[in-house]
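Engineer: Here are the chains, one letter per residue:
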Amino acid sequence: MPHLTEEDLMAWADGELDAEDATRVEAVLQQDLELRERGLAMRKLRQRLQAAFAGELAEPAPDRLMRAAMGMPSGAIVEPVPTRRSASNWARWGGLAAGILLVAGSASMFKGDKLLAVEPDGRIVAHGVLARTLDRGLASEVQRSDDVQVHLTFRDVGGKYCRVFSASVGSGLACHDAGHWQVVTLSAPPERREPAGEMRLAGSEMPQAVLQEAQRRIAGSALNERQEREARDQAWQP
Amino acid sequence: MNSDPTLSTFGPELAALVPRLRRFGRLLTGHPQDADDLVQHALERAWLHRARWEPGTRLDSWVLRIMHNAWIDEVRSRQRRAQVLTPSEELEQIADQAIGASPVDAIAVRQALARLRDEHRAVVVLILVDGLSYKEAAQVLDIPMGTLTSRLARGREHLQALLSSEEKRSCPT
Numbered sequence: 001m002p003h004l005t006e007e008d009l010m011a012w013a014d015g016e017l018d019a020e021d022a023t024r025v026e027a028v029l030q031q032d033l034e035l036r037e038r039g040l041a042m043r044k045l046r047q048r049l050q051a052a053f054a055g056e057l058a059e060p061a062p063d064r065l066m067r068a069a070m071g072m073p074s075g076a077i078v079e080p081v082p083t084r085r086s087a088s089n090w091a092r093w094g095g096l097a098a099g100i101l102l103v104a105g106s107a108s109m110f111k112g113d114k115l116l117a118v119e120p121d122g123r124i125v126a127h128g129v130l131a132r133t134l135d136r137g138l139a140s141e142v143q144r145s146d147d148v149q150v151h152l153t154f155r156d157v158g159g160k161y162c163r164v165f166s167a168s169v170g171s172g173l174a175c176h177d178a179g180h181w182q183v184v185t186l187s188a189p190p191e192r193r194e195p196a197g198e199m200r201l202a203g204s205e206m207p208q209a210v211l212q213e214a215q216r217r218i219a220g221s222a223l224n225e226r227q228e229r230e231a232r233d234q235a236w237q238p
Numbered sequence: 001m002n003s004d005p006t007l008s009t010f011g012p013e014l015a016a017l018v019p020r021l022r023r024f025g026r027l028l029t030g031h032p033q034d035a036d037d038l039v040q041h042a043l044e045r046a047w048l049h050r051a052r053w054e055p056g057t058r059l060d061s062w063v064l065r066i067m068h069n070a071w072i073d074e075v076r077s078r079q080r081r082a083q084v085l086t087p088s089e090e091l092e093q094i095a096d097q098a099i100g101a102s103p104v105d106a107i108a109v110r111q112a113l114a115r116l117r118d119e120h121r122a123v124v125v126l127i128l129v130d131g132l133s134y135k136e137a138a139q140v141l142d143i144p145m146g147t148l149t150s151r152l153a154r155g156r157e158h159l160q161a162l163l164s165s166e167e168k169r170s171c172p173t
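Chains as they are written, first to last, in the working numbering: chain Y, 1 to 238; chain L, 1 to 173.
These are computed hints drawn from the structure, not numbers from a lab. Note that CB positions come from ideal geometry on N, CA and C, so glycine has one too. You may find that some hints are simply not true.
As the list claims (entries may be wrong) - So the derived label-pair ranges between C-beta atoms look like this:
| hint | chain 1 | residue 1 | chain 2 | residue 2 | range |
| --- | --- | --- | --- | --- | --- |
| 1 | L | Leu48 | Y | Gln212 | 19 to 25 Å |
| 2 | Y | Arg132 | L | Ser165 | 53 to 59 Å |
| 3 | L | Ser133 | Y | Ala27 | 21 to 27 Å |
| 4 | Y | Ala178 | L | Val75 | 26 to 32 Å |
| 5 | Y | Glu6 | L | Gly131 | 17 to 23 Å |
| 6 | L | Gln33 | Y | Gln237 | 42 to 48 Å |
| 7 | Y | Leu40 | L | Glu119 | 22 to 28 Å |
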């Protein structure tokens, strides 16, 4: 390669080249120190930009955005999880983040008990009465309180316990991971597109999508009542 | 009921993108509130048009594109917002409270980004901050590859110049 264009250099710095082209560019850079400096400066700028804004990804998102992401009408049920944040994260977020957190906090205060929460990494986990029912409830029991019902419990191929549930937010599948029930599938109630629709979903109407996801994950068969009780009493440790 | 299993993961997958969408929105609009409004709008449109998303293709590029289009529409209808970027109060607030990693650098970078032309900034943010490939970024912005690379080159050059003049000011030799 007799001559490198500015675009070749940029593509190299951004990791856009395949191995062969990258090697060719690097051979030229070995010879031309000035060009090499420019290429490295481009890479450095890229790293600098990524570092400058990496902290923003750890910010908890406000209620309304998580609702919109889940396709839920206003009044449904998500809040940021205010735990396990290190001091350095707080520092990185700075004043901007503190302001946003305050908004998110006050928005969720007057909406009653939430069933879902969002971890800073974007994972949706069960919260409130949904988390408590998944922790303690048995599929064989009819949960009289709070409209959360567990329908089925099984172990997935990785050994984790997973439970199919229905609740006012919809029906879904949650798997126990690192102390939380991570909601891996949630099928919002069919009426979700109506502005003020009834959000209840009877257990018998379990959406195909949830059942298919359960079938995809299940290892062996569902737990019977005794196995389920034992797993619960051992805090769902795999 | 649609029995497509990918539909059941649509919501959680969108939810997982929210932090990235917010960051893109802030760098695009320069306003945290505008950014969140834009993200919400994009998420609602994504649900509305979810049949147009092809499972197996990248959901992030698709939603970023919806978001960018919405922002272009917004800028066209409300030109004044294009002028308002990173208000000084916000920067002061960050400067007051931010300690740790390298807040000073984050502020310098944010200010420099704010001075780029809108179309250069969008390319720089998608590729250098968000880490999309050139091809993905060109799809998000709906521009040909040649336009993308020339905007990236010019945006990057401008940014580099802004940041190095900043350094010279702050560390005189």
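Engineer: Look at each hint and say if it fits the structure.
Structural biologist: Results of checking the hints against the structure:
1. At about 24 Å, the beta-carbon gap between L:Leu48 and Y:Gln212 stays in the expected band of 19 to 25 Å.
2. For Y:Arg132 paired with L:Ser165, a C-beta distance near 58 Å keeps the hint of 53 to 59 Å intact.
3. Checked against the given bound of 21 to 27 Å, the beta carbons of L:Ser133 and Y:Ala27, roughly 24 Å apart, stay inside it.
4. Against the hinted window of 26 to 32 Å, the Cβ-Cβ separation of Y:Ala178 and L:Val75 comes to about 42 Å, which falls outside the hint.
5. Separated by about 21 Å at the C-beta atoms, Y:Glu6 and L:Gly131 satisfy the suggested range of 17 to 23 Å.
6. Our hint of 42 to 48 Å for L:Gln33 and Y:Gln237 holds, since their Cβ atoms are close to 44 Å apart.
7. The given range of 22 to 28 Å is respected by Y:Leu40 and L:Glu119, whose C-beta atoms sit roughly 27 Å from each other.
Hint 4 from the list above is the single one not met by this structure.
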